[in-house]
Each structure stands twice: as structure tokens, then as C-alpha cells.
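Here the protein sequences line up with chains F and L, keeping their order. Just so we're aligned: 87 in the working numbering is position 87 of the first sequence, and the numbers increase by one with no gaps anywhere. Just so we're aligned: 19 in the working numbering is position 19 of the second sequence, and the numbers increase by one with no gaps anywhere.
Simulated from the structure, these hints should not be mistaken for lab results. All figures in this text were calculated on a predicted structure; none of them were measured in a lab. Every residue gets a Cβ at the ideal spot worked out from N, C-alpha and C, and that includes glycine. Errors might be hidden in some of the hints.
[Said to hold, decoys possible] Some residues of chain L that are not near chain F, with every Cβ distance over 12 Å (derived): (1) Thr32; (2) Lys41; (3) Leu44; (4) Asp65; (5) Asn70; (6) Ile93.
[Claimed, not checked] BS3-like mimics (lysine-lysine), calculated; alpha carbons at most 30 Å apart, straight line: (7) L:Lys66 / F:Lys58; (8) F:Lys71 / L:Lys55; (9) F:Lys42 / L:Lys41; (10) L:Lys20 / F:Lys57; (11) L:Lys64 / L:Lys14; (12) F:Lys22 / L:Lys66; (13) F:Lys42 / L:Lys55; (14) F:Lys22 / L:Lys64; (15) F:Lys58 / L:Lys20; (16) L:Lys64 / F:Lys71; (17) F:Lys68 / L:Lys66; (18) F:Lys37 / L:Lys20; (19) F:Lys57 / F:Lys110; (20) F:Lys22 / F:Lys94; (21) L:Lys14 / F:Lys94; (22) L:Lys20 / F:Lys71; (23) F:Lys71 / L:Lys14; (24) L:Lys55 / F:Lys22; (25) L:Lys14 / F:Lys58; (26) F:Lys110 / L:Lys55; (27) F:Lys71 / L:Lys41; (28) F:Lys57 / F:Lys107; (29) F:Lys58 / L:Lys41; (30) F:Lys57 / L:Lys14; (31) F:Lys107 / F:Lys22; (32) L:Lys66 / L:Lys20; (33) F:Lys22 / F:Lys68; (34) F:Lys110 / F:Lys42; (35) F:Lys42 / L:Lys20; (36) F:Lys110 / F:Lys58; (37) F:Lys22 / L:Lys14; (38) L:Lys55 / L:Lys14; (39) F:Lys57 / F:Lys37.
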Amino acid sequence: GENVEQHPSTLSVQEGDSAVIKCTYSDSASNYFPWYKQELGKGPQLIIDIRSNVGEKKDQRIAVTLNKTAKHFSLHITETQPEDSAVYFCAASKGSGAGSYQLTFGKGTKLSVIP
Amino acid sequence: GAVVSQHPSRVICKSGTSVKIECRSLDFQATTMFWYRQFPKQSLMLMATSNEGSKATYEQGVEKDKFLINHASLTLSTLTVTSAHPEDSSFYICSASGRGHTEAFFGQGTRLTVV
């Protein structure tokens, strides 16, 4: 089955700096790679996703890059703010678009943005 | 985006009793629902996948007789933890997706504490 590795497990950055979280996956058939933000006691919230036919996607301060050959993808957060502090999870799936998004998650990265 | 509602958000039960957690898709028909379990400071681990009208598919190591999943309608799936023990205490999260969706939508999670 799919195996997703995520690094680092913890990350502290100064407010305004950038944060980068990296993930690798093992199953070359995976084609959908979402990133989730989870705050304490809440369910995961999708912040950005990318599909295997795209190399990069950006949404304001958040961007994700995908290297299919190397089987790794990264989350980039620029101009970090204290409210970005949370646990971030990457995931991989062979999403079919038919409603079947069985996700394999990385172990998570606890991001702390220091004011 | 689509809304998935999970209830209750917190529940405390006595050891040996059963507890039911509901997952509802409020504004779409969920052809597939997923149940995850998350221990403190750990990642989400898929427990089972359920498709409307059919039996759930459980991941290896998950006891189907202990974690009963029912997906009787296109808007409701339930997870019943039977004969709960303290080691079943965890954060349980559901997600759902429907035809045409390009992502899975997560509920808010249920914190189960077995005393």
C-alpha cells in the first residue's frame, strides 16, 4: 500500500518568514495530493491540493509543488502569521473523481509561528 | 464547499458500554464515507471505508465486530464502538465525498473518552 513520509515533525519560524514542509510517497499510482491544517480538537481542513497533471499550484500565501518523478511534494507558506500555527498533514490518494478519496496521511508537522 | 457534520463532538462513556457516532453530509449525497482514528499527537489512520448500501471495508487490524459501521443512506454513516474500553479512547473523524467531487470533506471529529 501507499506510504507517506513527512518532514519535519516540528517547525518553528519567525512571523513573516517562510515555512516549507516536505512529503514523499511510495505508490506511483497516486494522483491526488492534498494538504490539511488541523487545529487542536478539530477535524482537518483542506488548505490546498494538487493533482499529478500539475507541477505547482498557488493560492495567496500558500503554494504546493509536485515532482512526480521523485515522488515528492512540498507545501510552502510565505509571510507566515501566528494564526498559521497548527499541525499540517500531507496526504496521497488514487482519487478517481468518483467520490473515492481514500487518503494515506503523513505523520504531521507542528508549525509554530513566533510573533 | 460541502459540509460534513459529525455528532457528538465529545462523548464520555463507561467501560463496557457502546457509543454511536454519526456522520452526516448536509448538502450532498455521500457515495463514500471514511472513518479515521487519531491518537494524541499522531496522524489520522484509516479504519474503514463505507459505500452506501454495502458493507464497510475495514483496514487490516481493525476489528469489524468492535467498530460497527453502517452507511444506510446517502447522507448518514454511523460508527458504533461496542463494548468500549479505555484503549478505545481516541479522536474519531469521518470524511465523505460524492460523485463529481474533487476532494473529500471532513467532519469536526468526535473525542471519545472511555472511563
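How the hints compare with the structure:
1. Thr32: violated (5 Å)
2. Lys41: Contrary to the label, L:Lys41 does not stay out of reach of chain F, its closest Cβ about 8 Å off (not over 12 Å).
3. Leu44: Violated: least Cβ distance 5 Å, not greater than 12 Å.
4. Asp65: Per Cβ check, L:Asp65 is outside 12 Å of chain F; nearest 22 Å; holds.
5. Asn70: Holds, since 18 Å exceeds 12 Å.
6. Ile93: violated (5 Å)
7. L:Lys66 / F:Lys58: Roughly 43 Å between the alpha carbons, so the hint for L:Lys66 and F:Lys58 is violated.
8. F:Lys71 / L:Lys55: With a Cα-Cα distance of about 33 Å, the restraint between F:Lys71 and L:Lys55 is violated, given a limit of 30 Å.
9. F:Lys42 / L:Lys41: holds (13 Å)
10. L:Lys20 / F:Lys57: It is violated: about 40 Å lies between the C-alpha atoms, which goes past 30 Å.
11. L:Lys64 / L:Lys14: holds (21 Å)
12. F:Lys22 / L:Lys66: violated (36 Å)
13. F:Lys42 / L:Lys55: holds (28 Å)
14. F:Lys22 / L:Lys64: Not satisfied, since the Cα-Cα distance of roughly 34 Å exceeds 30 Å.
15. F:Lys58 / L:Lys20: violated (40 Å)
16. L:Lys64 / F:Lys71: With Cα atoms ~33 Å apart, L:Lys64 and F:Lys71 exceed 30 Å; violated.
17. F:Lys68 / L:Lys66: Roughly 39 Å separates the two Cα atoms, so the pair is violated.
18. F:Lys37 / L:Lys20: Cα-Cα ~26 Å, so holds.
19. F:Lys57 / F:Lys110: holds (22 Å)
20. F:Lys22 / F:Lys94: Distance ~19 Å between F:Lys22 and F:Lys94 Cα, so the pair holds.
21. L:Lys14 / F:Lys94: Distance of about 39 Å is beyond 30 Å: violated.
22. L:Lys20 / F:Lys71: violated (39 Å)
23. F:Lys71 / L:Lys14: violated (45 Å)
24. L:Lys55 / F:Lys22: Violated, because 36 Å separates the two Cα atoms, which is more than 30 Å.
25. L:Lys14 / F:Lys58: Violated: L:Lys14 and F:Lys58 sit about 47 Å apart, past 30 Å.
26. F:Lys110 / L:Lys55: violated (36 Å)
27. F:Lys71 / L:Lys41: Holds. F:Lys71 to L:Lys41 sits at ~26 Å (cutoff 30 Å).
28. F:Lys57 / F:Lys107: holds (23 Å)
29. F:Lys58 / L:Lys41: holds (28 Å)
30. F:Lys57 / L:Lys14: violated (48 Å)
31. F:Lys107 / F:Lys22: OK: F:Lys107 and F:Lys22 at ~11 Å, within 30 Å.
32. L:Lys66 / L:Lys20: holds (12 Å)
33. F:Lys22 / F:Lys68: holds (14 Å)
34. F:Lys110 / F:Lys42: Since the Cα atoms of F:Lys110 and F:Lys42 sit roughly 15 Å apart, the hinted pair holds (cutoff 30 Å).
35. F:Lys42 / L:Lys20: Given that 30 Å is the threshold and the Cα spacing comes to 19 Å, the pair holds.
36. F:Lys110 / F:Lys58: Cα-Cα ~21 Å, so holds.
37. F:Lys22 / L:Lys14: Distance of about 41 Å is beyond 30 Å: violated.
38. L:Lys55 / L:Lys14: Given that 30 Å is the threshold and the Cα spacing comes to 28 Å, the pair holds.
39. F:Lys57 / F:Lys37: holds (17 Å)
Comparing the model with each numbered hint stated earlier shows that hints 1, 2, 3, 6, 7, 8, 10, 12, 14, 15, 16, 17, 21, 22, 23, 24, 25, 26, 30, 37 do not hold.
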